[in-house]
Amino acid sequence: MRLEKQRQAELARRQGSTKRTILQIIWFAIAFAIAYFAANIIFDAGYIDKRVITRSLTFISNRVYRDYFATGIVVFAIFLVIQFFIQFGFLLGNPDGRRKTGHASARAQTEDPLENRFDT
Numbered sequence: 001m002r003l004e005k006q007r008q009a010e011l012a013r014r015q016g017s018t019k020r021t022i023l024q025i026i027w028f029a030i031a032f033a034i035a036y037f038a039a040n041i042i043f044d045a046g047y048i049d050k051r052v053i054t055r056s057l058t059f060i061s062n063r064v065y066r067d068y069f070a071t072g073i074v075v076f077a078i079f080l081v082i083q084f085f086i087q088f089g090f091l092l093g094n095p096d097g098r099r100k101t102g103h104a105s106a107r108a109q110t111e112d113p114l115e116n117r118f119d120t
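Per our numbering, the very first residue in the sequence shown carries number 1; after that it's consecutive.
Do not rely on the hints blindly, as some may be mistaken.
What the hints assert, rightly or not - Computed Cβ-Cβ distance ranges for the label pairs, DEER-style:
id: 1; residue 1: 55; residue 2: 12; range: 53 to 61 Å
id: 2; residue 1: 4; residue 2: 57; range: 55 to 63 Å
id: 3; residue 1: 48; residue 2: 21; range: 51 to 59 Å
Hints in this document: simulated from the structure, not taken from any laboratory.
No residue lacks a Cβ here, since even glycine has one placed at the ideal position from N, Cα and C.
All chains should be built: construct the whole structure from the sequences, respecting the hints.
So this is what it looks like as structure tokens:
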């Protein structure tokens, strides 16, 4: 009986994780596309020059690969900034993110499968 309750609690906790995973992959693709276009705009406007980045990449021999690698570095940096601000906004907007730890509440966040251990 106890193992069955633990299994049901695990299934209830994992329910809906496929949809969240698919949405997260879609969001990562959108954020990557935004970061790629933003990096190209930054390079075209002249805020950052690819030559500055490629000079520091002495371990890559071909010039073409250096340009792609420089673009990839800037895209990844913009991608991380986007993810940071989205996570920070989620923490501010979500009630679970704003709750201070250590405060007692009437209801637990996770259900204890052994709470009703005397039920048959």
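Right, here's what the structure says about each hint:
For residue 55 paired with residue 12, a C-beta distance near 55 Å keeps the hint of 53 to 61 Å intact. Our hint of 55 to 63 Å for residue 4 and residue 57 holds, since their Cβ atoms are close to 57 Å apart. For the hinted restraint 51 to 59 Å between residue 48 and residue 21, the CB-CB distance of approximately 34 Å leaves it violated.
Hint 3 from the earlier list is the only one contradicted by this structure; the remaining hints agree with it.
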